[in-house]
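**Q** Sequence:
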Amino acid sequence: MKVICYGDSNTYGYDPRSYLGDRYTPKNRWVDIVADKTGWQVENRGLNGRRIPMGEAALPQDTDLVILMLGTNDLLAGMSHEAVTEKMERFIGSIHLPHDKILLIAPPPMESGTWVDDTEIIRNSQKLGKDYETLARRIGVMFVDGGAWNIVLAFDGVHFTEAGHRIFGEQLCRFLKNQKGRNGMEPDLWKVTFDGSFWKAKGDAGREIPVKKNFSWEGEFWYIPAVYLCREGLVMDLCKRADPEDITDYIQRWNLIHEQEHSYSRQEQEQMEREHPLRTDILPKVTVNGKMLKNDHGCGISWIPSQCLQGMEAKEAEAERVLDHYGLDPLWGWTICRHSFSWAFGPVEEIETLHLSMECTPVFVPTASIENPQEGQVILLLHPTTGHVYSLTIRGRDIKKLDENILKDEDERTFNKEVGTVPAAINYPTYYEMLSYMVEPEMDGGELIIRDMEDGDRPVIRSAGQDGASPSAASAAVIGGADGPTSVFVSAGKKKSDVHTSCSSLYFQPPEMVRWMAGFMIREKDRIEISVIGRKVQEI
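Numbering (this note's numbering), first residue to last: -9 to 530.
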């Protein structure tokens, strides 16, 4: 089934914490979640800053379903909810597809935030859903109101958070399952395939080989219930168990039951990620019959016991199905990671030996804040795991100005075409501080990071010919601009005399003082080797 998702930056997957229009990872973008869960061919045609086009959208005639979610930018530009609905009706009329192939989604209403301080904009966004519903009934397109899904918005009051994207994707999949003639997402039997996921089996089913292997990894309980022999390769399910008390403590400590009421800093978000009891972030390697396989792709799903959620419903049917199939205790928390490994030298009919090697991905651990560094200043950095002390010597600070043309990308040029009225211009902050320093003794590349602790200034939008637009007014005029911190990865070189540099976030005015944070990329666990079937043999 060929699906096109046509929308703005909340379809594109824009990360409001980023600076130059970066996106969330695929697992945290609702379009990719729908594609993964359904197995459909889903094309993401989201565009930062897009308003409802004045002309027609060129969509392939073999499109089975087009999902439209637009109107937020039009509201931010000052249009009323009635005018936005009329504009949407004209646009839908220009789409050369049967109306039963069109799904109109009302965007979740905006909230007060750094991009939205006008109560009239919020009021119009709250009324848009009802208008869209009336329109959909009158012209015969499918409709669903995204405002009914309690989507978590970011600090700007406009963009989805990662949690918001996951909720949106889950809810949209449930809606699509209930559509007449569109229930291909429902699983029939337990079927694990090489290219599939927990939500959709694509291709031929693999042959299940029960393993029932458990092991401890630095105090964590892990379990391998089974592997699957497929024509393309091997599929392995890895299950990590978490104590429900730890999950409850984590939820209460970070007040996640009322997450939408809080805004978390970048340092807090990183700490939350490190402390999550269900976090995995593993890099598995598999050897079958002495031959190393290629880790092709993977996906994951989590189960949180109901007693941890204080009455909130967050169970996922697919996770419950996995627990039922493998006999996992639902009173515990679980993360199940499914990894597909390609055959190295052709398909394997029987497994004589299966060896697993796992290591965790590095995480940033802050070590020292550096405020107003001076030339010649020496900062001692204590490595959090080895205990080694490194000497960081400041060599200088310079204010630099970035060429603004570097920041003008295809998104801006396309945005000007999409607006259809007065072209818009994006003003980017261009000033930054460059910190130069030396580190002794030398380190492995990429292990040390020094970055700005602040987010910097957000780009602003103004119409062509408009002078003196205020950042707050201008930034509220478009969804999907760029804001947030700039991180620069640095490493000590091979020579002790090497001078290294880090760049701060970007600002409209030369920064008077930049607060820096130094830290290390750390693997929090040692690599573990597991003989899953048979004994380990020499790798080929």
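Worth flagging that the hints you see were computed from the coordinates, not collected in a lab. Everything numeric in this text was worked out from a predicted model, so none of it was measured. Among the clues, some could well be false.
Stated by the list, open to error - Think about it this way: if two alpha-carbon atoms lie no more than 20 Å apart in a straight line, the pair counts; the simulated EDC-like pairs of lysine to aspartate or glutamate are:
(1) Lys192 / Asp286
(2) Lys202 / Asp286
(3) Lys120 / Asp135
**Q** Sort out whether Asp135 lies within 20 Å of Lys120, counting only the CA atoms.
**A** 8 Å, holds
**Q** Between Lys202 and Asp286, is the straight-line Cα distance small enough, at 20 Å or below?
**A** The given pair, whose Cα atoms are some 23 Å apart, is violated under the 20 Å limit.
**Q** Measure nothing beyond the straight line between the CA atoms of Lys192 and Asp286; if it is 20 Å or shorter, mark the hint as holding.
**A** OK: Lys192 and Asp286 at ~15 Å, within 20 Å.
Checked against the numbered hints given earlier, the structure breaks only hint 2 and satisfies all the rest.
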